[in-house]
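Visitor: So the chains spell out like this:
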Amino acid sequence: MEHDFEPKIVAFVCTWCTYAGADLAGTSRMQYPSNVRVLKFPCTGRIDPVFILRAFQKGTDGVLVSGCHPGDCHYMAGNFHARRRFAAFRQLLEFIGVDLNRLQFSWVSAAEGGKWVEVVTELTERVRAMGPMVEFKELEMEEHWSGKLDSPELKEAYQNI
Amino acid sequence: MQQNHTQLADDSYFAAVTNAIRTETTKLLSEGTVAAVIGYQAGTRAGTVIPTIITDAAKAGDLVFSPGCVNNLALYLTKAKKEVRPAGKVAIIAKGCDMRALAGLLGESQLKREELHIIGVACVGVKGAGAGSGEALTTGTIARKCRECTVRAPEGADVVVGAVPPLPEFSPVEAEELARLEAMTPAERWAFWKGHFSRCIRCMACRQVCPFCYCEQCLCDRNRPQALETTPRPAGNMAWHIVRAMHLAGRCAGCTECERACPMDIPLNLLNRKMARELKTLYDFEAGLVPVEKGPLTEYREEDDQSFIK
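If you read the protein sequences in the order shown, they are chains F and R.
Count the first sequence with this note's numbering and you get residues 1 to 161, in order.
Count the second sequence with this note's numbering and you get residues 1001 to 1310, in order.
FYI, nobody ran anything at the bench for these hints, they're computed from the structure.
Just so we're clear, the structure is a prediction, and the values are computed from it rather than from any experiment.
Note that beta-carbon positions come from the ideal geometry of N, C-alpha and C, so glycine has one too.
Fair warning: there could be bad hints in the mix.
To be verified - One-sided and incomplete, this derived list gives chain F residues near chain R with beta-carbon spacing under 7 angstroms:
| no. | residue |
| --- | --- |
| 1 | Met30 |
| 2 | Phe95 |
| 3 | Asp99 |
Please work from the sequences and hints to get the whole structure.
Guide: What follows is the structure, given as structure tokens:
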């Protein structure tokens, strides 16, 4: 199916659960949107909020963070720490003015290939409906002095050189 | 403008606090209880103060306390200021808000309580941004943080000096500003913060003055790999301020030194307060009341809220 807009989705996943879950989806020949770019991490506890910011700055339209269900962490408590960190981080992003519909968190285990497909499809379609994420991209293009270099004061100063 | 504002404490209050600090300092240093006292001394312009470290009992007379004593001296006890921190037991002059920072640093194992002698000041308040050095402390010149202060009488200090005179009720300027922001749409908030952050010159004063920014290598200084752009462009500024707020979430003691030190007048404490409130709501945690080993983002409970996770 042809769409006007193909969103870029970055998925930060833990290697033990969600990556294996996505792999299962693949080996089971399930179909899911190719908009998602998967980045593999040892654990959701390794996923720094900076990564999410950087993804937005570099032009992603939606971010998915996914890892093991609580209690299943390969490192005992990584996902518990991540859960608190991201609960706080999404409140901060909302306060800054980012639409939280572009940010999805999920628990997808190694056996949940179907859930992976569901999560990715839902996020992709939701972000597609929202359109491109322009805020960070516009910010990336801006310089401190943009649009003000031709002020009358500067022109006069230039003439006087 | 001044005529509508009432003066908050007469000179006798500040004279009494100053005298008590000098007496305590003389006693501590001559008895050898502490190696040094970190306090305030008069600055070169009348009404201003500068932080100072006194090691000689004869110099105790240099110490002052005035409405200009805005600095949070807890900063000078951190790893970031290890070159100025004297060895051995140190006494520190701390207002209620500074005590919260000390509690936070104690909790993070940056300080040892037995190496610390806290001279708590029962504080009326200090002057805020825009108040001239010659102006008195009035309902108009008092700092925004002091309008909503809940720790005027410090608890947990080794000795408390001064007595707070009765104060009028203040309108909570900052809480109102926070409520105004929260009532905005996300797009309006984005425009608000974009406007403020775009002005940031990345002087890093907010980091240098923060008692909790004691990391030996700050994430924002690293360039291989680079997490945050270091040049003062709007994109990098936005990222820096988000990261700063995130790294202080659950740790910030609310001394508002970042906001005071900011040469561009960016309302940084709104971010800190927002995060403090969210962590209070989510995990019933309030930073810096008593030293705790683990903050809200370094511990967890199995039953933590995960309604936002699919």
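Visitor: Does each hint hold? Answer for all of them.
Guide: Results for each hint:
The criterion of a C-beta within 7 angstroms of any C-beta in chain R is not met by Met30 of chain F, whose closest approach is roughly 17 angstroms, and the hint is violated. Because the smallest distance between the Cβ of Phe95 of chain F and any Cβ of chain R comes to about 5 angstroms, under 7 angstroms, the interface hint for this residue holds. For Asp99 of chain F, the shortest C-beta to C-beta distance to chain R is roughly 6 angstroms, which falls under 7 angstroms, so the interface hint holds.
Hint check: a violation occurs at hint 1 only; the rest are consistent with the structure.
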